[in-house]
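Q: First residue of the sequence shown? That's 1 in this note's numbering, and the numbers climb one at a time after it.
If a hint is listed, it holds; no wrong ones were tucked in.
Only pairs whose alpha carbons sit at most 25 Å apart, straight line, appear in this in silico SDA-like list of lysine to any residue:
#1 LYS176 / PHE162
#2 LYS230 / VAL10
#3 LYS230 / TRP304
#4 LYS176 / SER193
#5 LYS132 / ILE4
Distance ranges between label pairs, derived from CB positions:
#6 THR171 / LEU225: 18 to 28 Å
#7 PHE177 / ILE351: 35 to 45 Å
#8 ALA29 / ILE351: 53 to 63 Å
These are calculated hints, taken from the structure and not from any lab test.
All residues carry an ideal CB built from backbone N, CA and C; glycine is no exception.
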Amino acid sequence: MYRILIIVIVLIVYGSLYPWDFHSTQLAASPLWVLIHSWPDHIDRFLFRDIAVNVVIYIPVGVFGLLALRQKFHTPFAVTVTVLLALALSSSIETAQLFDDARECNAFDVLCNVSGTVLGVALGYVHQQWLKRFFARTESAKVLYPSGAVLLFYTWLAYQGFPLFTVLSRTRLDDKFRYLFVAVSISPLETFSYFVEWLVVAQLLENVLGANRTRRLLPPPLLLLVLAAKLLVAGRIVTWSELAGAVLACICWYFLSGDRRRTAVVGGLIVSLLIVRGLVPYHWSRIANPFSWVPFGGFLRAEWDFGLLTLLQKCFWYGSAVWLLRAAGWRLIHAAVAVAVLLGAIEVIQIHLPGRVAEITDPLLALILAMTLGLLDRFESERSNLSSTKVRTCDVELP
Numbered sequence: 001m002y003r004i005l006i007i008v009i010v011l012i013v014y015g016s017l018y019p020w021d022f023h024s025t026q027l028a029a030s031p032l033w034v035l036i037h038s039w040p041d042h043i044d045r046f047l048f049r050d051i052a053v054n055v056v057i058y059i060p061v062g063v064f065g066l067l068a069l070r071q072k073f074h075t076p077f078a079v080t081v082t083v084l085l086a087l088a089l090s091s092s093i094e095t096a097q098l099f100d101d102a103r104e105c106n107a108f109d110v111l112c113n114v115s116g117t118v119l120g121v122a123l124g125y126v127h128q129q130w131l132k133r134f135f136a137r138t139e140s141a142k143v144l145y146p147s148g149a150v151l152l153f154y155t156w157l158a159y160q161g162f163p164l165f166t167v168l169s170r171t172r173l174d175d176k177f178r179y180l181f182v183a184v185s186i187s188p189l190e191t192f193s194y195f196v197e198w199l200v201v202a203q204l205l206e207n208v209l210g211a212n213r214t215r216r217l218l219p220p221p222l223l224l225l226v227l228a229a230k231l232l233v234a235g236r237i238v239t240w241s242e243l244a245g246a247v248l249a250c251i252c253w254y255f256l257s258g259d260r261r262r263t264a265v266v267g268g269l270i271v272s273l274l275i276v277r278g279l280v281p282y283h284w285s286r287i288a289n290p291f292s293w294v295p296f297g298g299f300l301r302a303e304w305d306f307g308l309l310t311l312l313q314k315c316f317w318y319g320s321a322v323w324l325l326r327a328a329g330w331r332l333i334h335a336a337v338a339v340a341v342l343l344g345a346i347e348v349i350q351i352h353l354p355g356r357v358a359e360i361t362d363p364l365l366a367l368i369l370a371m372t373l374g375l376l377d378r379f380e381s382e383r384s385n386l387s388s389t390k391v392r393t394c395d396v397e398l399p
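Start from the sequences and build out the full structure, keeping to the hints where you can.
A: Printed below as a string of structure tokens:
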């Protein structure tokens, strides 16, 4: 429960301070005095929307704060600490928003946040037994404990939902739908990219949840949920190429169901994707681009949001390539070296590709991801052995 609570707090802090554009400012009084005296000056429909949002986003703080603290402390103490935690968190965020022109400091938001926490505490107290049983189930436990497949799936979710900030605006939503129906075009390269990504996601889910649950989850629910949520994310759109690639992947997944070579096929597709995307624009230039030996230099020079989005995408692609080759029977070291060498060769070719930046980052990133996957596999193996030992001990102690 502590893991979930920390994740909830991190997401709240990130979303409340996005886009992280701070500056110094001169205040007439202390930040705390300004916060206490900051209240809405009028009532309109946007105020009611803000009330609903501020209440809802703090409900998980109340639910998981209570469940986490109840593991070691009595209920009154757990409730008090959870509410005080929400008060401190909300007050700190609102005070920090004084130094951001895109945000407004408001004591009423603190009141709504604390109210949402109290509501979450009540829900957590009423349903705590059901929640404990739910998170104790094998499928739920696999999603909560770190493993290579879980890490890659979360990386894909972060890549799909980046910048992890929703915009609840009917005007912007209408603009996204209008763009979808006006820009009716399909890019073969983008369609292939989304097609491979969804196949990889299905393979990861099957490793975590099992074949039966993945077969029920993949086509309509996950597809509709991800694409619908993406329409609410700031700066992200849904294209016909994405829709076509996702639908084709869901169809092909059923045809590949039960095929023992499926993992190898998906692994070959992700490797093909790296080659196809790495050689764009498929035009050889005699003028050589400089090769950068500075790791992650391109990400550091780019705007933070574009750089982070690109990093998430590459982490998913390169990590999935290593993971799939290993799942297909390769040793981890061989899969890591193969992907790193492939990416290094692509970077060398990019020296003569117009508009491309050749650097050492991609092969180095593949090796880092391979080491991370190896550590997670070892952790998962140790946890499985520990669980098996506990089960055998319980069986021996039973009369």
